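Spelled out from the first residue to the last, the chains are:
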Amino acid sequence: MSDPQDNELAEITAQIASDTSEGSQEMAQREETSLLALRWESGAIEEITGATLRIPEDEGSGDLARDEESERSLPEAGDQQTMIINMGPQHPSTHGVLRLMLELQGETVLRTKPVIGYLHTGMEKTGEELTYVQGATNVTRMDYLSPLNNELVYALAVEDLLGVELPPRAVWIRMLMSELNRMSSHLMWLATNGMDLGSTSMMIYGFREREVILAFFEKTTGLRMNHNYIRPGGVAADLPDGWEDDVDLICEVVETSMDEYDQLLTGQPIFRERTEGVGVLSPEAALALSATGPILRSTGIPWDLRRAMPYLAYDEVDFDVIVGTFGDTFDRYAVRFNEIKESIRIVRQILEKMPAGDYRVQDKKVTPPPRARIDESMEALIHHFKISTEGFSVPEGETYVAIESPRGEIGCYMVSDGSNKPYRMHIRGPSFVNLQCLPTLLRGGLVADAVAVISSIDPVMGEADR
Amino acid sequence: MASRFSAKVHFPDRAGYLALVDRLRGEGYQMCADLTAVDYLRYPGRRALPAGASPERFEVVTNLLSLEHHGRARIRVQVPEEDPEIASLFHRFPGVEAMEREVYDLFGIVFTGHPDLTRILMPEGWEGHPLRKDYAVGRVPVQFKEAPGPR
Numbered sequence: 001m002s003d004p005q006d007n008e009l010a011e012i013t014a015q016i017a018s019d020t021s022e023g024s025q026e027m028a029q030r031e032e033t034s035l036l037a038l039r040w041e042s043g044a045i046e047e048i049t050g051a052t053l054r055i056p057e058d059e060g061s062g063d064l065a066r067d068e069e070s071e072r073s074l075p076e077a078g079d080q081q082t083m084i085i086n087m088g089p090q091h092p093s094t095h096g097v098l099r100l101m102l103e104l105q106g107e108t109v110l111r112t113k114p115v116i117g118y119l120h121t122g123m124e125k126t127g128e129e130l131t132y133v134q135g136a137t138n139v140t141r142m143d144y145l146s147p148l149n150n151e152l153v154y155a156l157a158v159e160d161l162l163g164v165e166l167p168p169r170a171v172w173i174r175m176l177m178s179e180l181n182r183m184s185s186h187l188m189w190l191a192t193n194g195m196d197l198g199s200t201s202m203m204i205y206g207f208r209e210r211e212v213i214l215a216f217f218e219k220t221t222g223l224r225m226n227h228n229y230i231r232p233g234g235v236a237a238d239l240p241d242g243w244e245d246d247v248d249l250i251c252e253v254v255e256t257s258m259d260e261y262d263q264l265l266t267g268q269p270i271f272r273e274r275t276e277g278v279g280v281l282s283p284e285a286a287l288a289l290s291a292t293g294p295i296l297r298s299t300g301i302p303w304d305l306r307r308a309m310p311y312l313a314y315d316e317v318d319f320d321v322i323v324g325t326f327g328d329t330f331d332r333y334a335v336r337f338n339e340i341k342e343s344i345r346i347v348r349q350i351l352e353k354m355p356a357g358d359y360r361v362q363d364k365k366v367t368p369p370p371r372a373r374i375d376e377s378m379e380a381l382i383h384h385f386k387i388s389t390e391g392f393s394v395p396e397g398e399t400y401v402a403i404e405s406p407r408g409e410i411g412c413y414m415v416s417d418g419s420n421k422p423y424r425m426h427i428r429g430p431s432f433v434n435l436q437c438l439p440t441l442l443r444g445g446l447v448a449d450a451v452a453v454i455s456s457i458d459p460v461m462g463e464a465d466r
Numbered sequence: 001m002a003s004r005f006s007a008k009v010h011f012p013d014r015a016g017y018l019a020l021v022d023r024l025r026g027e028g029y030q031m032c033a034d035l036t037a038v039d040y041l042r043y044p045g046r047r048a049l050p051a052g053a054s055p056e057r058f059e060v061v062t063n064l065l066s067l068e069h070h071g072r073a074r075i076r077v078q079v080p081e082e083d084p085e086i087a088s089l090f091h092r093f094p095g096v097e098a099m100e101r102e103v104y105d106l107f108g109i110v111f112t113g114h115p116d117l118t119r120i121l122m123p124e125g126w127e128g129h130p131l132r133k134d135y136a137v138g139r140v141p142v143q144f145k146e147a148p149g150p151r
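Chains as they are written, first to last, in this note's numbering: chain A, 1 to 466; chain B, 1 to 151.
Simulated from the structure, these hints should not be mistaken for lab results. Keep in mind it's a predicted model, so treat the numbers as computed, not measured. Heads up, the beta-carbon is just placed ideally off N, CA and C, and yes, glycines get one too. Hints are not guaranteed to be accurate.
Pairwise CB distance ranges, derived in the manner of DEER restraints [what the hints assert, rightly or not]:
(1) A:R272 - B:P55: 36 to 42 Å
(2) B:E27 - A:L381: 28 to 34 Å
(3) A:R272 - B:D83: 54 to 60 Å
(4) A:G418 - B:P80: 21 to 27 Å
(5) B:P123 - A:I84: 18 to 24 Å
(6) B:D134 - A:T20: 53 to 59 Å
(7) A:E165 - B:E68: 25 to 31 Å
(8) B:E27 - A:E244: 44 to 50 Å
(9) A:S419 - B:G26: 35 to 41 Å
(10) B:E68 - A:P240: 42 to 48 Å
(11) B:E68 - A:D238: 55 to 61 Å
Residues on chain A that point at chain B, a partial pick, calculated with CB under 7 Å [as the list claims (entries may be wrong)]:
(12) G117
(13) L119
(14) D417
(15) Y423
DSBU-like mimics (lysine-lysine), calculated; alpha carbons at most 35 Å apart, straight line [unchecked claim]:
(16) A:K219 - B:K133
(17) B:K8 - A:K421
(18) A:K386 - B:K133
(19) B:K145 - A:K365
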């Protein structure tokens, strides 16, 4: 006695399910998952790394088989039935198109598997088709919340292969922009994190203060995002007149509002209840998972590339590396919160120390001649045309350059075959790697906490999927 | 010129890969920062290969990081085209899970011992491995409004 309408509906549902299925990329039922994958998806990192000591030689032994049985069985307390549910890719708290598959026992998360790739646009392949001059416009679109850091790592990699030395002013301008970008990125994080935890006022405040920084970016680079400002050989333009006042104002505005945020969030009982002790990561697990940035620092490891392996002129400014203690969601909040203050400190020092001089290297092979010269000199015109169309050639070689982006270590592995395009341009995205912490962070927690934990990872899917 | 980003580069063969990683791990390289690959199809005469290493089509590049010594070590392993297979570092550095899947997805290099080697960035039914050099860059033909169409 089935209704034909019901049948049709079931057919459509089945069609949609098969059209949108990611097949083996999705989470499988417990029985169909290998023990190793089961350990990985349930975030049991110690058992994976510890396992090298015992296996793989005696894989079939009885000891292991008994282990396997106990590991596969569900925790005693609670339902003996589990449910695999989807969170995302359109879930409002997944920051873009992150899709999580969660295995739940009641409300407890047993396994997590992030399914990514919904924003994959093949930027590494595109990067091989663009000249070194054009490449910055490509990489800047990866991590759209910290575009200047993406450009910076790309430019540093190209310059490392070229072997050019930048004038000091270019270095310091880059550092200024990179720190301002860190502030705007962390402010954006405070905003979205507030929204995820139900504090809509925090969202508005975070966006408001970020806009002050973006206005300065627009004034300097011409664009609010995707600047293409930091280029191989220096930066695109000098800082605008009166930039000191603008930056001073930014520091003042952000500093004042940081005190307000502190009052609004840090001591607030609801906020603390939702973040303290939620999503705990141990330092060992963080290292094993290659986590970097605020996530690694929140576990108490003082690893910041600006301090540990200084680039630009970070060894000439004074700042503290912020570390947490427990590695929980609250610590990750506190690390980012205080990093904004440290960035303000750095920016103030840059204001004092900004050297005069060129804002890009005066190497005719890399830098096009200034606009005024083109009217006077035929050679300058040809030169300008050559660099704009063909770009410049980079000596053969390979390099890996890494810097500290707001989300962690962003790296660029570049191979040059001596032509005007990179032979291979690989970006190591911090979000891509940090997302692997999710199974460990969510393990044994409540599904309601998942929102807070995802937010504390601060993933930017544009860079995870590239 | 020794830049501040330079790292010690190692060139093990596939058989010595895991042993080298274990040795470096014992020396304090406790994090695998990055793992990627390069397809040298159109640039076989790459620079800086030492005498012992014979160039193959693929190269798996692993970047290890030492937090104690503030240093990096880069491992470049040659992987032949006819047998694109290499051991997985999953048991040593679980953080390579996603990176190895990415390399498998985009280059078609198989990591033995990986718990769940599936595509990660491309859709499930995708054919080919896009970052290989013989994989064409996709283009969408654009018909401009005023342009004369094909007759």
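How the hints compare with the structure:
For the pair R272 (chain A) and P55 (chain B), the supplied restraint of 36 to 42 Å is violated, since their beta-carbon distance comes to about 57 Å. Taken as a hint, the range 28 to 34 Å is violated for the pair E27 (chain B) and L381 (chain A), whose Cβ atoms sit roughly 55 Å apart. Distance hint check for R272 (chain A) and D83 (chain B): the Cβ-Cβ separation is about 55 Å, which falls inside the suggested range of 54 to 60 Å. One distance hint, 21 to 27 Å for the beta-carbon pair G418 (chain A) and P80 (chain B), holds here, with the actual separation near 25 Å.
At about 20 Å, the beta-carbon gap between P123 (chain B) and I84 (chain A) stays in the expected band of 18 to 24 Å. The hinted window of 53 to 59 Å between D134 (chain B) and T20 (chain A) is violated, with their beta carbons roughly 30 Å apart. Checked against the given bound of 25 to 31 Å, the beta carbons of E165 (chain A) and E68 (chain B), roughly 30 Å apart, stay inside it. Hint check: E27 (chain B) to E244 (chain A), Cβ distance near 47 Å, so the stated range 44 to 50 Å holds.
Range check, S419 (chain A) to G26 (chain B): about 40 Å between beta-carbon atoms, so the 35 to 41 Å window is met. One distance hint, 42 to 48 Å for the beta-carbon pair E68 (chain B) and P240 (chain A), holds here, with the actual separation near 44 Å. The hint said 55 to 61 Å for the Cβ distance between E68 (chain B) and D238 (chain A), and at roughly 41 Å that hint is violated. Proximity of G117 (chain A) to chain B holds as hinted, the smallest CB-CB distance being about 4 Å (cut-off 7 Å).
The beta carbon of L119 (chain A) comes no nearer than 9 Å to any beta carbon in chain B, farther than 7 Å, and the hint placing it at the interface is violated. Taking 7 Å as the C-beta cut-off, the interface hint given for D417 (chain A) holds, the closest approach to chain B being about 4 Å. For Y423 (chain A), the suggested interface contact is upheld, since its CB lies about 5 Å from the closest CB of chain B, less than 7 Å. For a cut-off of 35 Å, the pair hint linking K219 (chain A) to K133 (chain B) is broken: about 40 Å separates their Cα positions.
For the suggested pair K8 (chain B) and K421 (chain A), the alpha carbons sit about 25 Å apart, so the restraint of at most 35 Å is met. Distance hint between K386 (chain A) and K133 (chain B) is fulfilled; the C-alpha atoms sit about 27 Å from each other, no more than 35 Å. For a cut-off of 35 Å, the pair hint linking K145 (chain B) to K365 (chain A) is broken: about 40 Å separates their Cα positions.
Violation of the numbered hints given earlier is confined to hints 1, 2, 6, 11, 13, 16, 19; the remaining hints are satisfied by the structure.
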